[in-house]
Structures are given as structure tokens and as C-alpha cells.
Amino acid sequence: MDVLLLSRLQFAFTTFVHFIFVPLTLGLSILVAYMETKYLRTGNEVYKQMAKFWGKLFLINFALGVVTGLALEFQFGTNWAKYSEYVGDIFGSLLAIEATLAFFLESTFIAVWFFGWRLLPPKLHNLSIWIVAVATNISAFWILMANGWMQNPVGYVLNNGRAELDNFFALVSNPFGWQQFLHTLFAAYTISGFFVLGISAWHLFRGSNVDFFKRSFRIAAPFTVAFTLLLLVQGHYHGSNVAKYQPVKLAAMEAHWETMSKAPQYLIAIPDPANERNHLQLFPIPGGMSLLAYHSFDAEVMGLRDVPEGDRPPISLTFFSFRGMVGLGLLLLTFSAWAWCRRKEPELSPALMRLLPWIIPLPYIASQLGWIVSEVGRQPWVVYGVLRTQAGVSTGINMPQVAFSFGMFILLYSLLVAVGIYLLMHHGRKGPQ
Amino acid sequence: MMLETTWFILWGVLWAVYFALDGYDLGLGTMLPFLARKGMQGERDRRLIYNAAGPFWDGNQVWLVTAGGVTFAAFPGAYAALFSGMYTALFLLLFSLILRGVSFEFRRKVNSVAWRQTWDACHVLGSFLPALLLGVAFANIFQGIPLNAHGINEGGLLDLLNPYGLAGGVLFVLMFSLHGLLWLAVRTQGDLAESSVAMAKKLWVALLAMLALFLLMSAVYTKLFANYWENPILFAILLLPVVGLIQVRFALNRRASVLAWAGSAVAIIGVTLFGVLGIFPALLPSSIDPAYSMTISNAASSPKTLKIMLVVALLLVPLVIAYQAWVHVFFGKKITEEDLEHEEAY
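As given, the protein sequences belong to chains Y and W, one line each in that order.
Taking the numbering used here, the leading residue of the first sequence gets 1, the next gets one more, and so forth.
Taking the numbering used here, the leading residue of the second sequence gets 1001, the next gets one more, and so forth.
Calculated from the structure, these hints are not laboratory results.
These figures come from a predicted structure and were not determined experimentally.
Glycine is no exception: its CB is placed at the ideal position from the N, C-alpha and C atoms.
Watch out, some of these pointers could steer you wrong.
To be verified - Listed next, the in silico DSSO-like pairs over lysine-lysine satisfying Cα-Cα at most 27 Å (straight line):
id, chain 1, residue 1, chain 2, residue 2
1, Y, Lys430, W, Lys1109
2, W, Lys1304, Y, Lys82
3, W, Lys1109, W, Lys1038
4, Y, Lys48, W, Lys1307
5, W, Lys1201, W, Lys1109
6, Y, Lys52, W, Lys1201
7, Y, Lys123, W, Lys1333
8, W, Lys1304, W, Lys1202
9, Y, Lys214, W, Lys1109
10, Y, Lys344, Y, Lys430
11, Y, Lys123, Y, Lys214
12, Y, Lys214, Y, Lys262
13, Y, Lys52, W, Lys1333
14, W, Lys1333, Y, Lys48
15, Y, Lys262, Y, Lys52
16, W, Lys1304, W, Lys1038
17, Y, Lys38, Y, Lys214
18, Y, Lys52, W, Lys1038
19, Y, Lys48, Y, Lys38
20, Y, Lys82, W, Lys1307
21, Y, Lys123, W, Lys1334
Said to hold, decoys possible - Just a sample of chain W residues kept apart from chain Y, beta carbon distances all over 10 Å, derived:
id, residue
22, Val1065
23, Ser1084
24, Val1102
25, Leu1234
26, Glu1338
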């Protein structure tokens, strides 16, 4: 254990916990805003109740997202001082824009929404939650452009011993960043959709508030199937983008050792990084990997053996996380399609109603696995091809300091996650008042 | 250097606005145990105190995120040196703010006295510690920390607790507490408003004494006044805390609580800017050698980034101030019984 490893673990841990709460904020805000709009259009009180009930769950989740996010921005300075000096000119700006443009809006207007039920004219009240929904999504854009820059640095020059901004437009039109942004959004909407489906199914199975949860189910079902489908289709293009900009990451995702054209896609493989091969690989689809990565059977796919060992990411973790993510994605598509088919009378499908609450954690797990692919697969670079992770760590901090902060994070965040899940389950089960 | 200087001023102003806004929430949380009565009335008092900050604290806290983000974007060298240099203090601040944040959201979500008491304790701790830590941290920034040639702080956590640092901590706790009491007077009526005004009057005397001591100690322990003697016109900035505090006292007598609160906001901004102007052109002075300080010339971003960010800031910050001001006016009225019965209320 050293400061570098501990700082990496701390960053990974805090980011993962933060990202438990982010997706629901992105997607549920839209659903709640839509429910309230529907209330304004139809005048049906049940939609108001829906906005309030799902809004309450949204708020619990939102508060946890806000507080866990607070620690992230400052960690670049505390544990990654060298990184911060090196990239502040670019990366810092994107974070600062996110705060000024989006985070202020969401944090201010979320309070306007939930304190404003009686005080604001209905349309203005509905507008406030739409502002929150749009602002959280704008927020995601800037954060993912910042991360996209770490994945595929563009629009910079190396000057004065650091990366300096050269072309701001290149930063915000970074193709890699855009794919990541879309992938994250669709994943967040998928998570939110399954969240609403799962809780609705729990009540429908028990026959409580049937009208209320049937309507919730009907709003969530098309939303979920549409975005799960989009997530998978767009995920494919995101993958080709990885092949184009980060061939080493792609090779690790596929545990692909030998550079070759007409590279096959093995349905089952178990990597053996120590011997630079796979323990086993079964069911090849000829040319499958070439086709998936480059849209051509003949395309050459670089193998890991052509990458110096010091430049490879951890293979097994990247590989299994990727497989897990894709596998879960396909499973989720099946469930979302099933739910969509039964959206008219969901309560008449008890098996589905019984299963859906248990599905809620799966898209969460898939999204965390996706982040492992993205971040572990980027190693050993913190800024791909430009700055190594080990060169970014703070030099002025010591083990006891990092052990203290990491220990406190584990303690505090475990508590928060436990309380958060408890409150979400408690209020989710209680149903609307 | 124009661009860097502009950013330096903006940097100081962002921190000052953060203190003036989140200061009253943190102060309210700090004063919670002294304000809430015992027994049956207690829970109602506490709810009034939580709801007084209710619609605002989250938006106010974003000024911290923005101040941090702007430090990162405009002065990455200072950002790196400051936050890695004050590592443990910063994390204590963040852990406290995390507890403070969730206590708002959690305390009424389960109907149990023990549950509420737990989150009340977190709320008080999560409000008091940030006030103290921010004061200690900024006093140390004003005084300078032992930064070496590599931008690394050679001191530890305990070195921050020097006499001047501690004085800064006490000053901030008093400033924020008064600020919070005055906000409570804006938003409540009856017994709670009466007791907050009475407490504010006492605290005002303590704050005035502490401010005088802090300025005196600034002359003894820091080089802050050097800039002032060079440009005596700068002494005008000290009018802000002085006039602000006088306004607080007069407004309290006339029971004009909004004016009193505004006076205290001006005082907080004045105290912050007093220190910020004193350390110019450094953002983080080194107490070992001024050559090691993080300044607007060796810690700033490229002119291109500073220009783009200046456009962003000049467009957006006034907009943020406008809608947050609207929220404060719209939701800043006296809390009514109906407000408390409302199911979304804290």
C-alpha cells in the first residue's frame, strides 16, 4: 500500500458511491416533471400525487447525490495535486462551468419546486422541476466532457510543462466525450425506468394503489424500453469509438492478444494475462470482433502482445466488467420489452410483477461495471497517452492522512448508502398518502 | 496581468459571497441548541430553524463548489497547493458539510425521537465545524502557510491551530452565528424571533470585540497591512465590516431584521475582502519565503482559459445572483403554521 494506490482506491470508492445516486437524479427528474405536466394538462389529481410520491423518492436520492458529489471536486486538489496543476487549465474550466451553469440551477430550483407547491402558480411550479431536469442533464454534459477529455485529450497544447487550452470548441465537441455522455444518459434513464417499474410492480403485485401504480407503470414502460434499446445500439457505436481512440482498452475489454485482421469474437473466454493468452476461448464468430469494432470483417484489431506490458490496463477486471455490463444490458432489454408488452394490464402478470422489484439493482450494477471498463481500462493513464496516473498523485501528502480520509469515507458513505436505501425502500413501500 | 488581477478579485468575491450566504445556514445550525426551547415547544422551534434555511441552503452551498471550481480553473497551482496542503482540514470540512446536508433531508423522514435527535446532533456538528474550519483555514491563508519550493505545505494539521488561525476560527463562528440569528429574525415571529434578536444583541458585542482583536492580531502576526500602507485608499475596505456591524446594531433596535441581516452580510464580505486584498498578489502566501508563494503570476491558467472563463463568469454569475435573490425574496417571508404543515417542509 502506498499513497498512490490508496488515493486511487479512495477516488474509485467515492466516485462509485456518488454514481449510485447520479443516474436516478438524471432520469427520475424527467419522469417527475412529465407527471406534473400531465397533471396540468388533464387536471387529474392522481398525476399530482404521482409527482409528489416519486418526487419524494427523487429528493432523498438527490440529497445523497449532492453531498457525495461535494467531496469529488475537491479530491482532485487533495490527492491529485500534480494532475490538477497539469490539467487545471482545461479540466478545471469544465468543472467550473458545470458548477456555474448547471449545479446552481438544479440546487436552487429543486428547493423552489418542493417548497413551492402552494406558493407558485401551477405552471411556474412545473417549470421549476423542468429546470431541475434540464440542469441535471446539462451538468452531466460538462462532467462527461471533462471525463471525455481524460479519455481522449483534444484541443490542447503542451506548454509551460502542462496541458493548456488551445481550442475550446474541440473540447466540447470531443467525439469520445459525446459518446460517453449519451451512453451515461441512456444508462441513467434505463436505471430510472427500472426503478419506477420495480416499485410500481411491488405495489401491483400486492394490489395496493392499483390505479396509481398502473399509471406510473404505463409512463415508465415505454420510457424504459426505448432507452434500454437506445443504450445498447448507441453502446455499440461507443465501442467502435473506443476501438478508434483507445485500441489498448478495446483489446483489454476483449482479452484480445494477437494483432490480426478478421479477428473472431469469442462468446466465452477466460483471460490469462500472466501468459499473455486466454485460458480458454469458445464459440468463435469468425471476423466478429473486426466487424463489431470497425464495421468490417477484414479490419485489423490490435492485440495486447503488441502493447508494452507497462502500457496495458488490468486485463481481467476490464474484460469481465465489460462482459458483465453487456450481459446485463441484454437481460435488461428482455425485461424492458416484457414490461412494455404487459403495460396495459401489468397486474395480470404476477410473475413479472414479482420479478421487477428484484431487477432494480441490475442496471445499477451494469452502470458501475461500465465505469470500471471506462476508468480501469484507461490505465495506466490518467489522461490517455498524455499523463500517467502515477505522475498525477499529490507529492505532499502521506499515508496516515490518506488512510484517515479513506477510512472516514468508508464509514460515512456506508452509513449514507445504508440510510439512503432504507429510506427509499421505506417510502417506496409506503406508497402515496 | 490585468486578466489575472481581475480573476483574483473575482476569486475573492466568490469566497466572500459563499460566506455571506452559507454563513447564515451554518450559523443557524450552530445556534440550534441555544435557540430551541426544552420540552413540547422544542420540536416546533427546531422545525422553524430548519425551515428558515430550508429553501436556500442547497443553493448557497453551491457557491463553495463554484469557488473551488474557479480556483481549479483559474489558479490550478493554488488549487493544488491549497487543497493538498490543507488535506485533513479540508476533508473534515467536507465530512461536516455532508452530515449537515443529509440532516436536512433525513430528520423528518422517519417518525422517531431518537432518529431526529441523531440528525440534529449531526446538523449542529455539521454546521459548527465548517464555520470553525473555514475561519481557521482562511486566517492561515491570510497569514501564510509553510509552503516550500515545491508548493508543498511543510506544516501539519495542528500547525493550522496557531493563535491567529484560532482567532480566525472564533471570528467566523461568531460572524456566522450572528448572521444566522438575524436570518431567523427575518423568517420567524413571536418567541423565537424575540429570543434570536436578544441573542443577536449579545453576540454583536462579542463579535465587535473579536473583530477588533482579529485586526490587531493581523497587524502583529501577518503582513496583510503592507498592501494597505502602500495604497492607503484600500483602507476603505475596512468600512464594510465597520459600517455593516453598525447597521446591524441600529437595525436591531428598530426591529428591521432584513436590514440587520444585510448589514451582517456586508460585514462578512468586508472581512473576507480585507484579508484577500492583504495577500494580493498571492492566493496562498508562503511563510518560508515569499518566492514560494502561489501568486497570480505563477499559479494562474493560460490567458486563453482565463478569457473564456471570464466571459462565462460575467454572463452567468449575475444570472445566478438574480435568481437566487428572487428565491430569497419569494421564499424569505415569515414562516406560517401552514408552511409547517405542508408535507414537503423539513
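State the violated hints by number, sorted upward, taking the hints as numbered earlier in the document.
4, 5, 6, 8, 12, 15, 16, 18, 22, 23, 24 and 26
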